[in-house]
Structure formats: structure tokens, C-alpha cells
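Asks: Now for the letters of each chain:
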Amino acid sequence: MSELLQVIGLTKRFGGLTAVNNVSFSVQEHEILSVIGPNGAGKSTLFKLIASFLRTSGGEVRFRGERISNLAPHITARKGIVRTFQETTIFKGMTVRENVVIAHHLRSKASLFGFFIESPAAARDEQEFGRSADQILEFLDLGEIKNEVASNLPQGHLRALGIAIGLSTDPTVLLLDEPFAGMNHDETRRAVEMVRSVRDRGVTLLLVEHDMSAVMKISDRIVVLNFGEKIAEGTPEEIQSNESVIEAYLGIEDESIGL
Amino acid sequence: MTRTTKIVGVGAVLAILLVGIPALINISGRWDLYYTLTSVALLSIASGGVWLTFYIGRINIGQGAYALMGGYVSAILVVKYGVSFWLTLPIAGLFCGAVSVLIGIPILRLRGVYFAMITLVLTEVARLSMLALPITNGAKGITNIPLPGAVEVFGLTLIPDFATLSNAKPAFYYLSIVLMILCFAGLYRLVNSRLGKLCRSLQQNEELASSIGVNIAYLRVVAYVISSFLGGIGGATFAAISQSVYPSSFTIADSINFMLNCFLGGLGYVFGPMLGTLVLYFGWDLLFQTGEFQLLIFSTVLIALILALPNGLLSLRFSKAGKESVGRE
Amino acid sequence: MEQVLANGLYLGAQYALIALGLTLIFALMNVLNFAHGQLYVLGGFVTYTIYGQLEMPFVAALFAAAVTLALVGGLMERFLFRTVLKRSVREESTMLLAAGTAFFLDAIILLIFGEKQRGVPKIVDGVFNWDFRLIMPYDRILIGFLAIFAIAAFVLYMQYSKTGRALRALAQDRVAAQLMGVNVDRYSMIGFALGAMLAGVVGGLLVTITGVNSGIGGPISIKAFMMVMIGGAGVISGAIAGGFILGMLESVGLSVLHSYGDITYLMIFASLMVFLSIRPQGLMGKPWG
Amino acid sequence: MSQLLRFTDVELYYDHVYALKGVSIELNEGETVALIGANGAGKSSILRAITGLQGIRKGEIVFDGNRIDRGFGPDAIVKMGIVMVPEGRRVFPFMSVKDNLLMGAFTRTDKGGINATLEMVLGRFPRLKERYTQAAGTMSGGEQQMLVIGRALMAKPKLLLLDEPSLGIAPKLVQDIARSIVAINRDEKVSVLLVEQNSRMALRISHRTYALATGSVALSGESTALLEDERVKSLYLGGEVS
Amino acid sequence: ANKVLKIGFVGVTSGPAAAWGTSNVRSMQTRAAWINEIGGVKIGGDTYDIEIVTFDDQKDPKRAIAGMEKMAQEGIHYVVGPNVDDGAAAVRPVAESNGIMYFPYAFPKSLYQKPASNAVLGMIANYQSGPAIYKFLRDKKGVKKVAFIAANESDPLSQRDGGVAAANALGLEVVADKDTYQNDTRDFVPVLTPVLRSKPDLLVLSGVAPGNAPLLIRSARELGYTGFISTETAQDAKVLEEGAGDLANGFISVGGASTPEIRSKAMEEFIDRYTKMFGEYNDESNTKVYALEYIIETLKMNPKGIDDIGEFKKTMDNFSAPNPYMKGDATLKYVGMTSFGQKRQVAVPMVVNEYRDGKFDTLFIAEVD
Ligand SMILES: Nc1ncnc2c1ncn2[C@@H]1O[C@H](COP(=O)(O)OP(=O)(O)OP(=O)(O)O)[C@@H](O)[C@H]1O
Ligand SMILES: Nc1ncnc2c1ncn2[C@@H]1O[C@H](COP(=O)(O)OP(=O)(O)OP(=O)(O)O)[C@@H](O)[C@H]1O
Ligand SMILES: [Mg+2]
Ligand SMILES: [Mg+2]
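Protein chains in written order, with our numbering: chain F, 1240 to 1498; chain Y, 19 to 347; chain X, 2 to 290; chain B, 206 to 447; chain R, 2 to 370.
No lab work stands behind these hints: they were computed from the structure. There's no promise every hint is true.
Here are some, though not all, of the chain X residues that point toward chain B, as calculated from beta-carbon distances under 10 Å [stated by the list, open to error]:
1) 182
2) 184
3) 185
4) 236
5) 259
6) 262
In silico BS3-like pairs for lysine-lysine, Cα to Cα no more than 30 Å straight-line [to be verified]:
7) R:266 to R:7
8) B:303 to B:284
9) Y:158 to R:314
10) R:136 to Y:158
11) X:163 to B:303
12) X:123 to R:239
13) R:239 to R:43
14) F:1385 to Y:215
15) Y:98 to R:266
Using N, Cα and C, we set each Cβ at its ideal position, and we do this for glycine too.
Next up, chain F with everything else stripped away, as it sits in the complex:
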């Protein structure tokens, strides 16, 4: 294992508000690292900073030792760091399969002009992407609905589609923002399986999630944010028993309401 991604003193201010405050941690290759914390703690902001969707106010992100902060989002994506969105963000007007095929864009070898004249490279891409898309859709159990227009899908499927889109880019690091939100236990269990198998494909995963049972099961390590600052980092066991995390985030179990 080696340090794939380093977050060093990362800071983001919006006007007077410091959403992410001097956060540092690193991510090992092939690990699953979760970021948790109360609503508004700065988790999504952190992801946006890593994926260059926001400019940093301070600090930096290194990928394989190379500084990658403040690039254009598509360049970061080309380097292999891809995020999915917290809001179910998909191409609403396209079918499920079209969504996934277009998401293969990064792997494309042809030029824009090549697409236009349908060069052999572009045609090869196209075939290849179709095959890969079908595979991914099967893998995520979306095969049956692949010709549905995405805007008609219920919440859960939208999430799965979001992950499919992320996967299609063949990322080195995949950032998943609340991938299990809106799924029931059964679905979450399957989704967890799936995320694991994504890792087994060699992808390093960062995720933000509020579903604690899933987080605890799946994560190798957990980083906890509160008011923009890192308040804890460690294995699931360590985090679960960390007093300040319980205080700020987890709460004390209360069987009367099933939580």
C-alpha cells in the first residue's frame, strides 16, 4: 500500500463561513475511506475541493505526489479522480444506457473531429463503450431498466445510476457522495457489496454517507468532520467509541425509536 491521495491543510471559505478548515489526511491505494460528520460539516465541500469543482482557499491536494488542486474539473477527471454528486445528478433527458455510454467519454481515444467524421477510432470506441456499459449496468442490476428515460426513475435507481456513471469513467479514485441515501437495508446491502467489488477492481474509494451501519461495515478507515474541522480519524471501531464523535454526530442509541 502506498499513499495515493494526500489532503494537506485544505481550507475553503465562503464569504465569512469557513466550510472546510485546515483538514489533512491521506488515502492509501485500494482502500475505502469514509468521511462522516453532521449536516453542513463540510463533507461535500471537501469532495468538491478534491475533484477541483471548487477553488481552494488554502492548502492543497496531492495525487501520487503531484499537486492537483485548482485544475479544471475535467482535467482532474482525466487524471483519474471522479466524483458522483450528492444530489441525484444524471443526464435526465437520456436513457439509462445513454447515460452510462456517454460517461465513458474519458476513455475515448478519438478526437472531437474524429467523432464528427466517425473515424475508425471513434467507431471502435463506440462499440467498446456499449459493451462496457451493458456490463456495468448488469453489474449494478440496472440491466432491466436500461432503456428507461432517466428522469422517470425512482430515487434508489437514480443513486445506482450515479454510481454507474462514476464507474464508467474507469477512475483511479472514485468519490461517492451519499451513495446509499434513499436505499433500504436490502438495497444498501447489495450496494455495499457492489462498492466492495468496485474496490476489488482496483479502485480507491472515498465516500460520504450518513448510513452508519453501512459505513461501519464497509470502511477501512473513517475521517470525521465537524464544523469544517477534522475531529477524528481511525478505524470504524475506534470511531464508534470515540466520545466526541458520539457527542457531535452519532448520538446514543435509543431502542425506543429504533435508532
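Please build the complex by placing chains Y, X, B and R with the ligands on the supplied structure of chain F, with the hints as guidance.
Replies: Chains Y, X, B and R with the ligands in isolation, oriented as in the chain F frame:
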């Protein structure tokens, strides 16, 4: 559609445009239709450009600026530097393309009505620039532009000098129709290639597109450049037909019309702007005998069409069940 | 300088009032109402007919203009925009409808009221003259204050009345507003009528100063768009700010750039473009995609 | 206990895709009823049908003795006393907390009553009182969730519909919200129809539960009984996420 | 039954500039109805009814071309219009290739100079009336300093440039020659504030649209301006009265033949008929009544012109007929030798008017050659 029916269909359309219509005009003696159809062809080229910007999710009310610019570039080159019209045509397009890069990079970050607005202002800026720039002859415009000259390759006359023709109308008609066919063949190809899918991804969600590695800034500029190129070509040809160009040759009204053509034809269909232009432009002409009621009838018909086919005329053929309405009947 | 500032303020007040109606309709239904200027013209002609031709009191004429335009606006929403909004795939399609409506109103106005510029007798005579440093006819001062009064009344209405709150809610989230018991159809109509009424009131107010002319609807709409964009689309405070900024920009710009003559407007527009590319959402607009 | 809501054999389609194929459920006055089920099972669709956001194809919906599935728009249904908290919060982002709450009382005209309810809501969610004049869009997810529940209470509903109130909310806040739901049902005598993915919580805080599967009711019964039911355990509680 | 002679009109009758074309069309229609009512007009051996074919070009040069094509299609050889420079320039190729004589209300000299020969200026150009007015004001009223203001569009700007040149030639001091306004301007106070600071004796509203004239006058007067205001285009008294009231008194403009001093019985009947037909007269028609008259009279003189404009052109050089709209023995004839080197302008009396209390008073009358 199978490949053969497609080829037959395309062949039929080409035959109608290039042979059928001229023949009909000859038989019926309606020579005025040449100009009307020429205008429709040229305006639909410019509208086609606007349509492409719609396709990446931008409402473009600035095409008049590029049409005007194209007209001036061609006119200035022909009149002041004696360049052949045929050479100025692509130059005008490329010039507009180049200018649109400079303008597009800052303004394409804007979305929705903001982009619409800034392009509207751009049209006015272009008009005022043409009034003010030293090279454009200001308010007096450029008049007496010679007709397009001959094109010869190795002594073989490919295109005759328009001035020697007894009637330049059919010549301009063929020129415009061929340009239009090329333009829409190109657009059709573009939209049905992967490039088109990328454009659609931009239209639907730019953030997501960039997260899957699409260089959205670049793609937007590419689409805008193509759009402006088409605007420039259309404008340049118009200058040649009217043999004059004025700062008011293309104005905000034109920019708005280009946009309306796209809406009327249907934003979802490549050939929408073509049909939209035909109906909007030709419709006005058809009604000219109604005198003072022309505008009233025209607008009433237009409103009726929109109410009946809010997604564009072409949605008539391809329409699926409409969007589910919210609420109970 | 006093003169220039006063000109700007007066211009700004009328612009702001024009922009308000447009931005309200935009906020509520995402309709960029190309016919706004035509509604303004119609308001002007109603006032012209009642005050100028029938020689009834100005206030009555203004009231009639407001009522007529509210009615026209309501009808436009009910029979045109509602249908198209429900059935169209892309909301922008209403731009075509708005343009068609603008043509239609233009045609009707031209047929009924003719092609000539029209004017009415002054409502108050006399000119305020402060030593030639600041000259302002009393009717302008009155109209300026009436405009500001109308703006204030509208803002208070939107802020504190139940209807105003419902309209704001509708603008922010249609479905959620519906779930609070807001009858979306009814309030869209009310909002549209209110927007049209504002246009009519400005038209009626200004007919006493600048007269009215059947052809100016289109240019007025375009100017109103600019104000709305400067301030930020769909935001009431933005429309007001935009109106005043454009008023000042014109007044100050024309004075300062006087020596550049012909390119004054080129510079005003070019700076507008630069401003918008730096602030893509106008002054206080919500982001818009 | 008298019956408040009855849903008989309801079918609902989007375009040509069915979302509900013959669903029947009931809810009695004072009850909290939970709807659980997989993604796309049709839970939200049931709520949309009740509120009139979506028309139904077949069947009938009776509320308080009146049929409400034909001829009533969403606003009319709110007036009858059914208020829904939709999926994904949906506050009015540019309005203050206060105005958001007042919007909740839109259908009411009794000024005094509105003020009393406002006091009650602010008492129940003190955070809202702290943020009274803040624009709702700038509040955190949990605060927004409280706001929309409070906003719904402002209408003084007989029946409160909640669509996944825990979605995207931090665990500690989810606890708060769950407790609020219990309290609202108990203290304010508001009946609740709750859609929830967190089945354990749903079963804990409801009286009865319906489990949906692809557009029809798969299981139903007293929540306490279902908690022990083997099928429920394996399908919806998953015991452990392994 | 009579044969029909179709005369065309291509110009703007809708939108902001509708007033220009409308007064044109209506005077043509009024005159045609009148002629037809009295049994038509005898040209050569035949009697013709006049039919006016109109085309609204919306002030768009592209549409103007289409309009001219329509006229050609209708077999029309005589067209009145377009109303603006760009339209007039744009229709030129069509008119020339289809054998159409057209009578624009646009001033660019290149339209009327050789090699162009199909356009006939339908009114008096600003570079003809301007010098006369300025000279009058300089000599009789002691005007020394002139300021110009124009809309930033082709026609007004060209007219302004012509005016500035004329004023300079007359030795007047031009104190403002670069101030412009947008066509959407409704409030001219901000525009005029800096201009009036230069304290001119004469403010020239170059190429001002009829609708804007009263607004400009009113704003200038309300800002305390006391000098002269003039324009070189025709205006409507009613519009001035409604828009500026007493403030418009003393405003100087150029009209046709309707001031009571010079108008004939026929002109009075024309005004009468126009008013009956359309509800309200437009003083701009004082000038615009002429084009149709010239066409018909010229054809009467040489009937071969009916479908051969070559014949028409030949006749133009020596054409002369009594002017029905003026008292006395004024004649209709083609002029323009000085300005264009060929006779491509209709001779209309250059009546310089002064507005006073709802009517125009004649200041002086001049002729163009
Ligand atoms: N573009 C922005 N402008 C201003 N403030 C912002 C912006 N984006 C986020 N914030 C603020 O930054 C803080 C952190 O937000 P962020 O979305 O990162 O929270 P989060 O940890 O992902 O919360 P949740 O679990 O609810 O998704 C919040 O207070 C939020 O309001
Ligand atoms: N607007 C729509 N158009 C077409 N189909 C729709 C639409 N909304 C929902 N559906 C379909 O209806 C079915 C039921 O959806 P519904 O939203 O009721 O599910 P749900 O149980 O609430 O799921 P989730 O837990 O994911 O929110 C799904 O198959 C979905 O694809
Ligand atoms: Mg987040
Ligand atoms: Mg749901």
C-alpha cells in the same frame, strides 16, 4: 429507417430542392419565389447555428451580430481589396468564428436568460461598432458591391460571373440551397455522432459532464464557433444579394427571429430551424396582400401554431405522449 | 452634476417600475415576457383615451389602465401561457409564445390607435428651477414620486401580504407551494395580472411626460430585459437596482462620454457585457441554469 | 377509532408505466402508519395520489368520509387537512424561516389560531426560533428538515404525510426527528403516514406498517408484530449489514 | 370596365417607424380611390383604375428586397418607397434587373447618381433644405451657433453629417455634432442635458422620427433652452400639439404643399378625403401625396411608359405638368441636376414651416433644381 430508404429520402429531398423547385418556378412563372426561398435558405443557415447553441443549452439571441459581421467582412474585402466573393465567403465565416472565440470564452459561462441577454446586447454592440469603426463606412453603409465573379480552374469555368447572367436569381438560389444542404448535413452528422451526445450532455448538466471528463468550456466554444461561422456565411451571402450592407442589415429583430425560427421548428429536431424559418419568413410574405391586417393575421396564426404544437412544428410527426401534467383534471 | 444625478434618479424610478413587472412574471413562471413593452404601450393608450380624449380625471384613467392591463395579463396567462407551459418539453418555448403575443398586441394596438405618436395635456404645469443648476418640471417630479410610491407599495405588498407571500413561494418552489395549499393556477394568473398591471401603470404614468406610440413596445421590452439582467433575473430587489443602475448609467454615461459622441452607447453596452461576464448572475440574482 | 383514510384498489400510472397496481391501505384517526419497501415500490406514489399531485387510474381514495380522488386539486386537499412533507425537503430557499412557517398556514384564516400554532411549532423546534429570520436555503439539512415538518404542522393538519424524513440527515438528527414525529402524533393528535427507508425506525415509531413491493402491498400488520416477523427481518431489516 | 394600373408601395407600416410608411400608403390609397371614383385616369387610349399594391418591409432591408420581388411578380413597374437608406440601397439590384422605377424617401446620393438610374427621390433631401434653413436663420434671425442631435442609426446620422457640412459651409459655428440617442429613448432629458450646455442658438434634430420630435422639443424647452429648433424632415402638427403643446411653438420643419397660403382646392379635397377614409390626416402626407401624381402624370405624357421604364426615363427630362396641389401656376417636373447630375428627384415645393398653436405657418418657400 433502413439505409436504402434513407438514401432514397435524401435523394428525393435533394432532387426537389435542386431540380423540382426551379422547374416549378419556371412553369408557374413565380420568379419572386427565388428570392424568398433564397432568403429562407440563408436565414435557416444562421438559425441552424442558433439551434446548435440551443443544443448545448444556451439561448442565443446574438446571431444577428455575426451575420452582420460576416456581411461586412465580405463586403469590405470585395469592395476595398478586390477579393473574389467566393474567397470572402469562407473568410467571413472564419472571421466570425475567430471573433466568437474571443467573445465566447467569457460569455459562455453565463447560462439561461443571462446568456440570452448578453447575446442580445452583443447584437446591439455589433450594430453600433459597424456605425463607429473606421473601416465600415459608418452610417452610409457599403453599397454598390459587385456581384460574385467567376470561378475558373485551369480555364474551366466552374461558376460563371453572376454579373453576366441575364438573371442572377437562380444562381443565388442554387448557391444558398447548396450552402444550406451542406450546413444541415453537417449539423445532422454532428448531432448524430458522439459529438452530438456530448453536446446534449452539456445541455442537460454541465457539472456532471465535466465530472466525467468532458472539457465543457472547450466544447461550448466549439459549438459557438460553428454557430457563429454559420451566421457569418449567411450574412455574407445576403450582402452579395442586396449588393449592399448597412449597420442595420441585421439587427436585434433578426437575432430574435433566428431564435424564434428554432423554437417554431422544434428545439429537438435538427431540421427544426429550417422548417421554422420557412414558416415564419415565408408566412409573412404569403400574407402580404392582407395589407394592414397582415401582422394581426400573422401573429394570430403563430399563436395558434404554438398552442397546438408547443414543442415545435416537427413534434407533430415525432410526438410521443406529451409531458404528464401536474395535478388532476 | 445635480442635473445629471436628478435625471438618473428620475429615469431610474421609471425603469425600475417597468422592470418589476417583467421580473415578477419571470420569477413566477420562468417566462421572459417579450410582450412586456406592448403591455406598457397598451397602458399608455388606455390612459391617453380616457384622460386625453374623453377628458376624464387622470387618476381615473390610471386606474382604468391598471384594471385593463390586469385583465389582459390574466387572460394571457389563462389562455396562452398556461397551456403552453403545461405541454412544452422545454420551458423556453414560452419565449416564442411571448414573441407571438407581442406581435399580436402590436398589431391590435396599431389597428386601434394608429401609427402616430400620442400625447396628453400636462397634469401639472411649471418648472422647478434651482438657479439653472437643477431644472425639473413639476410633472416629472410628481411622476417620479408616484413611481417610487408604486415601487414601495409593490414591495411591501409582496413582503407582507398573504398573496405576496404565496407569490414568492410559488416563484421558489411550485410543488412545495402547491403542497401548502396554494392554488398554482390561480396564483400564477394573479401574478401575471399583477406584472401586466405594473407595466400598464408605468405606461399610464409616463404618457403624461413622454406620450405613447404604437411602435415602441419592442424596444421597451428589450430595455426592460437589460434592467432585469443587471440586477439579477427574477429577484425583485434586483429589478429595482437594475432599473436605477441603468437610469444612472445612461444619465451619467451620456454626460461623461459626451465628448466621445457617437460611441457613447457602444461604450455603455460594451461595459454592460463586461459587467455581466464578470457577474454572471447580475447583481443579486440567483444562479440560473 | 374511526377511519380517517381509506385507499381502495388504487392503480396509478406514469405515462404507460404503472407505479401502483391495486393498492389498498387504511389509516385510523390518531394512528401513525408506516410505508416501507424497496426503491420504486410506489411509496412516494401513494403520497402523491393522496395529495392530488398525481391522478389515479382506478380505485378510490376516501378521506374523512369523502371521496377525494376526483375533482380536487392539491390545494383543495390541503384545505381538507392533509399536508405532505415532500421528499428532499423543499424549503422556500429565499424566504425567512418565519415566512416559510407562515406559508404553512396559507389555507388558514384564523389569525389567533395561527399564532398559537406558531408558538407550538417554535416550542417543539427551538432551533427554528434561533434562526427565525434567516433565509431557509442557508440552513443545514437537518434544520431544513425540521423546518418543513414545522411548516406542515402550521396547517394544523388532521393527517401528516412524511416522505423519507431521514434522507441525508446525520444519525443524531434523525433521532431528533424520529422523536418529534412520535411527539407530534401523541401530543398534537395528528395522524401520520410515514414513508421511510429506515425500516427499523419506521416499525418502531409507527402503530401499523404496510410493506410494499413493486406497486402492491406485500405485507401489513401491527408494527410490533412485524418487527418479530421473519420475512420482515430478512427482507427489510436485514439484521446485520454483512 | 376600366383597365387596371397597379402601382406598388414597399415600405414600413408596422413597428416603431410605422408612421413613415403609413402616411405614404394612405396618401396613395386616398388618391387612388379618388381617381377611381371619378372614373379612372386616361392614359393613352385607355382608361385605367389605379390599384395600390402594398408591402410592409418592417424596415428590414431583406424584406424590402422580397417586397420588390413581389412587385416585379405582379408586373408592377412603379413603386413608391422604401422609407429608409438601407432598404432603398438593398432593393436597387432587384429594381434594376426587373425594370422598376422606384421613389424612395432616402437620401444617399449614390441611389440617384449615374450609373444608378431607376430611383427617383420622392422628397427634398436634407442637404438641399438644410442649407436653405440655416441660411435663413443666420441672415434673418442672427443664429450663429448650431448643435446637432441624431438617433444612432444610418439615416439620421447621414443626415446629421450632411447638416454639419452645410452649417460649416455657411460659416456657422457647430458646437455639438456628435451627440446621439438610441432608438428606444423615451426620455430625452439626459441626452439633451450635455448638448444644451454648449448654448447653441439653433438645435437641429437630424432625421428625427415624427414620434420623437415633440419629446425632444419638450425636453429641450423644459431644460430652459430658448433658441431655435429645426429639422429637415416633414412633421405632423397634431403630433406636435399633443406631445409638446405650446412648447413646440416656433419649431421649424419642412413641409409639402398644405400651408393655407399655397394649398389649392385639390389639396383641400385630398385632405378631406384622406381624413374621411382614415379618420385623421397626417401632415407628412403633404409631401407624400406627390409620388403617385408624378407617376401618373408622366405616364399620361408618354403612355408607352406603362410597361417600359425606358420610355418613362426618356420622358422625365422634359416632363412638365401643372401642380394640382398648389395655388397658381406651379408645375410638376423632375429636378436634381445640381445634386445628382441627372433628373432623379420630384420637384415638390420646399415649404419651410414654423409650428404655431396647432398649425404650420409658412416661413418661406424655395425650390430645388
Ligand atoms: N457555494 C456555497 N456558498 C456558500 N456556502 C456554501 C456553499 N456550499 C456549501 N456552503 C456551506 O458550507 C457548509 C458545508 O456544506 P457541505 O455541503 O459541505 O456540508 P455537508 O457536510 O456535505 O452536509 P450534508 O451532510 O448535509 O450534505 C454549509 O454550511 C453550507 O451551507
Ligand atoms: N414522473 C414519473 N414518470 C414516470 N415514472 C415515474 C415517475 N415517478 C415515478 N415513476 C415510477 O413509478 C414507480 C414508483 O415510484 P415511487 O417514486 O412511488 O417509488 P418509491 O417507492 O417512492 O421509491 P424510492 O424509495 O426510491 O423513493 C417507479 O417505478 C418509478 O420509476
Ligand atoms: Mg453533503
Ligand atoms: Mg420515494
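Asks: Are the hints correct? Go through all of them and say.
Replies: Outcome of the hint check:
1. 182: 3 Å, holds
2. 184: 4 Å, holds
3. 185: 7 Å, holds
4. 236: Result: holds, 8 Å to nearest chain B Cβ.
5. 259: 41 Å, violated
6. 262: 43 Å, violated
7. R:266 to R:7: Since the Cα atoms of residue 266 of chain R and residue 7 of chain R sit roughly 27 Å apart, the hinted pair holds (cutoff 30 Å).
8. B:303 to B:284: 21 Å, holds
9. Y:158 to R:314: Since the Cα atoms of residue 158 of chain Y and residue 314 of chain R sit roughly 27 Å apart, the hinted pair holds (cutoff 30 Å).
10. R:136 to Y:158: Within the cut-off at roughly 26 Å; holds.
11. X:163 to B:303: 13 Å, holds
12. X:123 to R:239: 16 Å, holds
13. R:239 to R:43: Outside the cut-off at roughly 36 Å; violated.
14. F:1385 to Y:215: 17 Å, holds
15. Y:98 to R:266: 53 Å, violated
The structure fails hints 5, 6, 13, 15 (numbered hints given earlier, in ascending order).
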